[in-house]
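Using the hints provided, position chain W relative to the given structure of chain Z.
What follows is the residue order along each chain.
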Amino acid sequence: MRALLPLAFLVLTAAAEGPALPPAQEAAARTLMHELRCLVCQHQSIADSDADMAADMRAVVRERIAAGENPEQVKSYLVSRYGDYVTFDPPKTGANLVLWAAPLLFLAIGAVAVWRLYRRKGA
Amino acid sequence: MTVRRIALVLPLLMFLGFVALAVYRMGEPQQRVIASKMVGKPVPAMDLVGMDELHPGLNDGDLRQGTVTLVNLFASWCAPCRVEAPQLKELADKGVVIHGIAVRDTPENITAFLKDHGDPFRRIGMDPNSKAVLNLGASGLPETFLIDGKGIIRKQYIGQIRPEQVAEILKDIEEAKGS
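Line order of the protein sequences matches chains Z and W. Read in order, the letters of the first sequence are residues 1 to 123 in our numbering. Read in order, the letters of the second sequence are residues 1001 to 1179 in our numbering.
Just chain Z, same shape as in the assembly:
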């Protein structure tokens, strides 16, 4: 009986934060919640925050998924309101592209440097 207690708690909190979802949709909703920034907290996702606003955002995520939207559509709804700041997984376009490409670029420069060094030694 005691083992069921956390489960009951989970069901209760889920009910308070939007509609109950089938397991697969709930899992998708939770994955998305970890990618969305709580707007009133310091670098927390809405999945990790106890703030009222985070709870309201979780409810909106569940409601939209229950209404048939996929996680990408829910995310783009919030991005249309708050910009890329709201997501921890910013799109790989524009200025963000530099951030994504820079490590690869430096890795390539390093590889070329190493290759040239060994070639010289070998010669």
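These are calculated hints, taken from the structure and not from any lab test. The beta carbon of each residue, even a glycine, is placed where N, CA and C say it ideally should be. Be aware that a few hints might be false.
Computed list of lysine-lysine pairs in DSS-like fashion (alpha-carbon distance at most 30 Å, straight line) [stated by the list, open to error]:
no.	chain 1	residue 1	chain 2	residue 2
1	W	Lys1041	Z	Lys92
2	W	Lys1094	W	Lys1115
3	Z	Lys75	W	Lys1155
4	Z	Lys75	W	Lys1037
5	W	Lys1131	Z	Lys75
6	W	Lys1150	W	Lys1094
7	W	Lys1041	W	Lys1094
8	Z	Lys75	W	Lys1150
Computed list of chain Z residues with no C-beta within reach of chain W, every gap over 10 Å [unchecked claim]:
no.	residue
9	Glu35
10	Asp52
11	Asp56
12	Ala59
13	Glu69
14	Asn96
15	Tyr118
Relative to chain Z, chain W alone:
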């Protein structure tokens, strides 16, 4: 200095520069103000229940009546909302149409709040689940949106309205009237 030396020292200098920048910027607070992407766009669809008989609800159609309006997001539990109350009162006394959106609040608490701090609102829509907050791209309380007569969001004032902002807002309203 040979090219080889420069090649050795440059990465180290770049790294030290990066560390210095990181340490220097560490002391700065993180981005607190999150501007709404809805500024410049039409008011999103909403239909909020009214608070009481004196304050009917608020829907997006109410904000397309040809009058420039302010929409103030507030709550009785929000301390800075008390601080900005005199400024809202001043704007209302000067004839500005102000509607309220009460976030996560109850009519009883709002009635008490308005009694203590003045009532500048024509309409008050209840937003118990922050739906309107999210729809407007607001991130905290208080926030105020300036909406022109066609229902386009023109400005967002984040945080409490300070006394010196009243003149600026009146000017913004005049500009919005011209369009």
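List of violated hint numbers, smallest to largest: Per hint list: 10, 11, 12 violated.
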